[in-house]
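Residue 237, in the working numbering, is where the sequence shown stops; the numbers in between run on with no holes.
Be a bit skeptical, because a hint or two may be false.
In silico DSSO-like cross-links for lysine-lysine, where the CA-CA straight-line distance does not exceed 27 Å [said to hold, decoys possible]:
1. K152 x K73
2. K134 x K211
3. K63 x K73
4. K130 x K211
5. K130 x K88
Okay, the calculated beta carbon distance ranges per label pair [claimed, not checked]:
6. T132 x L23: 35 to 43 Å
7. A55 x I209: 23 to 31 Å
8. E157 x K97: 17 to 25 Å
9. R139 x N112: 19 to 27 Å
10. Q225 x R18: 17 to 25 Å
11. K83 x A55: 21 to 29 Å
12. M57 x R5: 23 to 31 Å
13. E10 x T41: 36 to 44 Å
14. S7 x T136: 29 to 37 Å
15. T132 x P24: 42 to 50 Å
I should point out that these hints are in silico values taken from the structure, not numbers from a laboratory. Being a predicted model, the structure only gives us computed values, none of them experimental. The C-beta atom is built at its ideal place from N, Cα and C for all residues, glycine as well.
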Amino acid sequence: MPFGRTSAPEEFQRRQHRVIENLPGVVAIHDDILVIGNGATREEAQRDHDVKVHALMRRCRGKNTTLNADKVKLSCNEDEGLKPDPDKVRAILEMSKSTDVAAVRRLIGFVNYLQRFLPNLSGVCEPLRKLTHKDTAWRWTEEQQLAFDTMKQLVGEITIFKYYQPSEELTLQCNASEKGLGAVISQNGQPLAFASRAFSRAEVNYAQIEKELLAVLFGLEKFRQYTHGRSSSASPI
Numbered sequence: 001m002p003f004g005r006t007s008a009p010e011e012f013q014r015r016q017h018r019v020i021e022n023l024p025g026v027v028a029i030h031d032d033i034l035v036i037g038n039g040a041t042r043e044e045a046q047r048d049h050d051v052k053v054h055a056l057m058r059r060c061r062g063k064n065t066t067l068n069a070d071k072v073k074l075s076c077n078e079d080e081g082l083k084p085d086p087d088k089v090r091a092i093l094e095m096s097k098s099t100d101v102a103a104v105r106r107l108i109g110f111v112n113y114l115q116r117f118l119p120n121l122s123g124v125c126e127p128l129r130k131l132t133h134k135d136t137a138w139r140w141t142e143e144q145q146l147a148f149d150t151m152k153q154l155v156g157e158i159t160i161f162k163y164y165q166p167s168e169e170l171t172l173q174c175n176a177s178e179k180g181l182g183a184v185i186s187q188n189g190q191p192l193a194f195a196s197r198a199f200s201r202a203e204v205n206y207a208q209i210e211k212e213l214l215a216v217l218f219g220l221e222k223f224r225q226y227t228h229g230r231s232s233s234a235s236p237i
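Throw the hints in and build the complete structure from the sequences for me.
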């Protein structure tokens, strides 16, 4: 796949889905292929996982698809809960402060990968995001340094999230501050995911009650895969 083509990601994804078509427990997410093992015990899940991995290898061989051995990770046990890639977490924690707008954009884009694990990420990153606005002079002040340090602290404190259980009650909690919206979906007091975004220029002028309702709508849309077609309760944070 040549670099630089605007349709390259979509074409790559299409071909990736064609390779794994009808393989149970094998899913493609962006440029990754995940193999999921299920079982009542870890041993059963491991055996199920291994069978599916062998099926994927046979399919790749039959489709003349080459996998990058350096990026293959086998038998990653995630039975205790959902957590981000530790390599990406470590990369953020080791980052030094940005020295130009391009570096800030890269930082925000990289951190957004972890947004489901980070409460109020949009509000924390707002001082950094201001530096990327058009016609804004570059000035890294104490405000940006505090936002940078707070963001890294949040990343370092990420905990393991529980997996979604269809049989358990869902709770959606939402909040609207002066700068943006925040929401968290949880079960039995344990978060499944966080979400946040900044207000648009028009939304900043909304009445507070309108902002609160907007936060509820944002949460329902963001977590639609959890809330659609089933009952859930909503409350302010």
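Results for each hint:
1. K152 x K73: holds (26 Å)
2. K134 x K211: With a Cα-Cα distance of about 26 Å, the restraint between K134 and K211 holds, given a limit of 27 Å.
3. K63 x K73: This hinted pair holds, its Cα atoms lying about 21 Å apart.
4. K130 x K211: Holds, because 21 Å separates the two Cα atoms, which is no more than 27 Å.
5. K130 x K88: holds (24 Å)
6. T132 x L23: 35 to 43 Å: This hint holds: roughly 41 Å between Cβ atoms.
7. A55 x I209: 23 to 31 Å: At roughly 54 Å between Cβ atoms, I209 and A55 fall outside 23 to 31 Å, so the hint is violated.
8. E157 x K97: 17 to 25 Å: Check passed, 20 Å falls within 17 to 25 Å.
9. R139 x N112: 19 to 27 Å: holds (23 Å)
10. Q225 x R18: 17 to 25 Å: 24 Å Cβ-Cβ, so the 17 to 25 Å window holds.
11. K83 x A55: 21 to 29 Å: Holds, at about 26 Å.
12. M57 x R5: 23 to 31 Å: holds (29 Å)
13. E10 x T41: 36 to 44 Å: Cβ of E10 to Cβ of T41: about 40 Å, so the range 36 to 44 Å holds.
14. S7 x T136: 29 to 37 Å: Given a distance of about 32 Å, which is inside 29 to 37 Å, the answer is holds.
15. T132 x P24: 42 to 50 Å: holds (43 Å)
Hint check: a violation occurs at hint 7 only; the rest are consistent with the structure.
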